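So the protein sequences, as listed, match chains A and B. 268 is the number that the UniProt record's numbering gives to position 268 of the first sequence; each next residue is one higher, with no gaps. 169 is the number that the UniProt record's numbering gives to position 169 of the second sequence; each next residue is one higher, with no gaps.
Some hints here could point you the wrong way.
Straight-line distance between alpha carbons at most 27 Å, and here's what the computed DSSO-like set of lysine-lysine pairs gives [to be verified]:
1) Lys424/A <-> Lys442/A
2) Lys134/B <-> Lys349/A
3) Lys280/B <-> Lys198/B
4) Lys198/B <-> Lys424/A
5) Lys198/B <-> Lys349/A
6) Lys134/A <-> Lys123/A
7) Lys384/A <-> Lys349/A
8) Lys198/B <-> Lys384/A
9) Lys424/A <-> Lys349/A
10) Lys86/A <-> Lys134/A
11) Lys349/A <-> Lys280/B
12) Lys424/A <-> Lys326/A
13) Lys442/A <-> Lys349/A
14) Lys384/A <-> Lys280/B
15) Lys327/A <-> Lys424/A
16) Lys86/A <-> Lys74/A
17) Lys424/A <-> Lys384/A
To spell it out: a stretch of chain A is covered by chain B in this simulated footprint if at least three of its residues, at any positions, have a beta carbon under 8 Å from a beta carbon of chain B; those stretches are [stated by the list, open to error]:
18) 345-351
19) 373-381
For the record, the hints were derived by calculation from the structure and aren't laboratory data. This one's a predicted model, so the numbers in the text were calculated from it and none came from an experiment. Note that beta-carbon positions come from the ideal geometry of N, C-alpha and C, so glycine has one too.
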Amino acid sequence: MTTPDPPPARELLRTEGIRKTFPGVVALDGVDFDLRAGEVHVLLGENGAGKSTLIKVLSGTHRPDAGRVLCDGKAVRIGDAEAAEKLGIATIHQEFNLVPHLSIAENLFLGRQPRRFGIVDRKRMEADAQALLKRVGVTAPPRTPVRELGIAGRQMVEIAKALSLRARVLIMDEPTAVLTSEEVNRLFGIVRGLRSEGVGIVLITHHLEEIPAIGDRVTVLRDGRSVGQVPANTPQDDLVTLMVGRSIEQQYPRKAGSGTPAAADQPLLRVTGLRRQGVFQDISFEVHAGEVVGVAGLVGAGRTEVVRAVFGADPYDAGRVEVAGKKLPRGDVWASHAAGLGLVPEDRKGQGLLPDASVTDNLGLVTLRESSTGGLVDRSGLRKEASRIAERLGVRMAGMEQHVRTLSGGNQQKVVIGKWLLAKSRVLILDEPTRGIDVGAKVEIYQLINELTASGHAVLMISSDLPEVLGMSDRVLVMSQGRIAGELTARDATQDAVMALAVGTSAPGTSEMEDSPRGH
Amino acid sequence: MAIDTQPGHRLDKRPGGNRPPQMASRFLKENGALGALIAMVVLLAFMSGDFLTTQNLLNVGVQAAVTAILAFGVTFAIVSGGIDLSVGSVAAFSGIMLGWLGTQGVPIWLAFVLAIATGTACGLVNGLLISYGKLPPFIATLAMLSAARGLALVLSDGTPITLPESVSWIGETIGDWLPVPVIVMIVMCVITALVLIKTYSGRAMYAIGGNEEAAHLSGIRVRRQKLVIYALVGAFAAVAGIVLASRLASAQPQAADGYELDAIAAVVIGGASLAGGVGKASGTLVGALILAVLRNGLNLLDVSAFWQQVVIGAVIALAVLLDTLRRRA
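Assemble the whole structure, with the sequences as input and the hints as a guide.
As structure tokens, this is what we get:
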């Protein structure tokens, strides 16, 4: 790859061949990266490319399995957050580390308040805080509780905290994702100021148009590898190609167009004009029997929020959901299930399973009521049904009484899907069905999806794994900033086309998307 | 890479087969509390000649009965990931209701029904506060702990109500050897086991306690089930209140004060997890028996009542500590 003219600045940080694996997943597979004093270095990549893992390695959350990190040219071990802090590396995560009920000043100096005779010297603390806040352009008095600040204000407090730690390296994980365009401009002003003071800044963003405005260099990650380092003024198209540039391998067993239905038949799932204030709007789509409809988009585009609302797990403000022509009531999971809708949630352990219950109990969860008469559960009947499904799905286990916590990710996912099959759901919503699952199990899940559609089921599949969406879908809906940005047929859906819709051409931060609340 | 559990992996290499000593050790491993109970009984049999007499053992049963019945109810709350602190007060209020209705000339069967309805109503209020008011179970039932006790005092004007003969038989002994409280305890234990194992609500309790979000997303109507759960806890508390009042032949507004803590201790000693999703009727019964045997044994051994409290505290801590270690292993 091309390397831009190296500015003659001092190198602050360098990684060489960083590798990090988690059970079943290679998150980083050889990342080379370097950061100089006084530059903004953008990290770019699809969801799951390894950006967050790299940041966590640099901030001491994860220890790499191989490779080394150099700080000022010397190899260092960043064993924990404290070690990172000592090296002058500060990280601003998407989730802020602030205590909402404490004041700005207390947050800035949490755990290291200036003390006199063991008593916190409030006056000095607030004076110091005032000086820091001035540097980042926050006008609120230091005594203001952090909860009274908006998102942008909290972010500035985080930056001020990093400054107070004399950070030389500032890592920011998607800082603009939650800001309005005005706030983005202010943030960039402050970032430029820090850059001119010699701070090295690592910036993650999904908004390509921000890159020339703020960045100096760009490193692109793909599948856990650094695949290119280019100047920030590289054209967007080239950046997209670098991000997605790989062919879809033969691991997706779906025959393209195999499930394309006749346009005349009634859709199994029809969603019209679904809207939830500040989260998503104008959501309309149909899924027919025998069809897999993929939902692509960046994390935070509102995909999960939409399917949860469709399923009745969360409320919505306006719109209509129909299953096989029958309108579903809002926010009623039981009714959705009774109508033949099933949801396999993105967080398998947190939302899909009873981890310490048996395979039988997990498989029988949805059908518990149907298998009860007069309040009594027909447990032996349920067990029989559950074993039948477990066998059909090929769940590898020691026995039906094994706790699902001890199953592998792929087998856990089969159990979550299985409980809906047991309930004879005809429309399955799969949210990130193969996340954290090893390749072999993935193919099994794909084959299962094919079997289901072949037998007349309809599948709506959210996935952040682009090749998977392209390889498995008959149609692809692309969401961006709470809207459906476009719909592509299997033929037209290329990685470039999907990414172009997903990153959107609209100005950054024009939407008022909040960090959408989940659950209740 | 994730390692798939091999099919039949465990079945193929069942270590050492099923020889009796191993079965026993495995049984005790899975029922640690029962092992402790047996050990205590054996130990006390050697240390005190009075312990292993029929009379004394039945005494232990009677002493355990009220705690156990309360604890069966609390098991429902704990299995579903909640807690109920109000059972002692609700028991007293229900007992007072029974006594008061008795003095009002209400037919005795109706008085029983209404007393149990009273406890159920208290539980329903708890359930409403928890599921629709979104109060944490700890807070909702703490409020009920105070309110139900207050109602008991109001209704009785702060004085005990003597129960008529037609009621107090519940506290008596049939044919000189079979105490009715023990029968009630066993019946309630069977009901608890049936509810937990066989009913839709019981299975829903495990699901909600195991993972409330997963239960919700699987179509279980969580809020409605919570109403059922706390109503059941209230009904069980009422039964305990009736047994207690009958044993004393008098309903007392200050009865069962602090019993909620014994009940929770019994459930936890019995192997339930306060995090929810785990718990059994038999475990709770064993937990209540351990507490009763311990008190009885310490009495027989002339240990002062003050020290007894220290020992019971240590046993609760030890039971849960051992359980935690066992689970981690």
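Status of the hints after comparison with the structure:
1. Proximity of lysine 424/A to lysine 442/A is assessed by CA-CA distance (about 23 Å); at most 27 Å being required, the pair is judged to hold.
2. Taken as a hint, the lysine 134/B and lysine 349/A pair is honoured in the structure, with Cα atoms around 24 Å apart against an allowance of 27 Å.
3. Restraint check for lysine 280/B and lysine 198/B: the C-alpha separation of about 12 Å stays at or below 27 Å, so the hint holds.
4. Taken as a hint, the lysine 198/B and lysine 424/A pair is honoured in the structure, with Cα atoms around 23 Å apart against an allowance of 27 Å.
5. Using a Cα cut-off of 27 Å, the hinted pair lysine 198/B and lysine 349/A holds, with the two alpha carbons roughly 26 Å apart.
6. Among the hinted pairs, lysine 134/A with lysine 123/A is consistent with the structure: their alpha-carbon atoms are about 17 Å apart, no more than 27 Å.
7. Our distance criterion of 27 Å between C-alpha atoms is met by lysine 384/A and lysine 349/A, whose separation comes to about 25 Å.
8. In summary, the hint linking lysine 198/B to lysine 384/A is supported, as the alpha carbons are separated by about 16 Å, within the 27 Å threshold.
9. Between lysine 424/A and lysine 349/A the alpha-carbon distance is near 23 Å, which keeps this suggested pair within the 27 Å criterion.
10. Our distance criterion of 27 Å between C-alpha atoms is met by lysine 86/A and lysine 134/A, whose separation comes to about 24 Å.
11. For the hint pairing lysine 349/A with lysine 280/B, the CA-to-CA distance comes to about 24 Å; that is within 27 Å, so the pair holds.
12. In summary, the hint linking lysine 424/A to lysine 326/A is supported, as the alpha carbons are separated by about 17 Å, within the 27 Å threshold.
13. With a C-alpha separation of about 17 Å, the suggested pair lysine 442/A and lysine 349/A falls inside the 27 Å cut-off, and the hint holds.
14. With a CA separation close to 24 Å, the supplied pair lysine 384/A and lysine 280/B stays within the 27 Å bound.
15. For a cut-off of 27 Å, the pair hint linking lysine 327/A to lysine 424/A stands: about 19 Å separates their Cα positions.
16. Only pairs whose Cα atoms come within 27 Å are accepted, and lysine 86/A paired with lysine 74/A is accepted, the gap being roughly 14 Å.
17. At roughly 15 Å between alpha-carbon atoms, lysine 424/A and lysine 384/A fall within 27 Å of each other, so this suggested pair holds.
18. Proximity of the region 345-351 of chain A to chain B, defined as three or more residues with a beta carbon under 8 Å from a beta carbon of that chain, is established by the 3 residues found.
19. Restraint check on the region 373-381 of chain A versus chain B: 4 residues with Cβ-Cβ distances below 8 Å, three needed, restraint holds.
Checked against the numbered hints given earlier, this structure breaks none of them.
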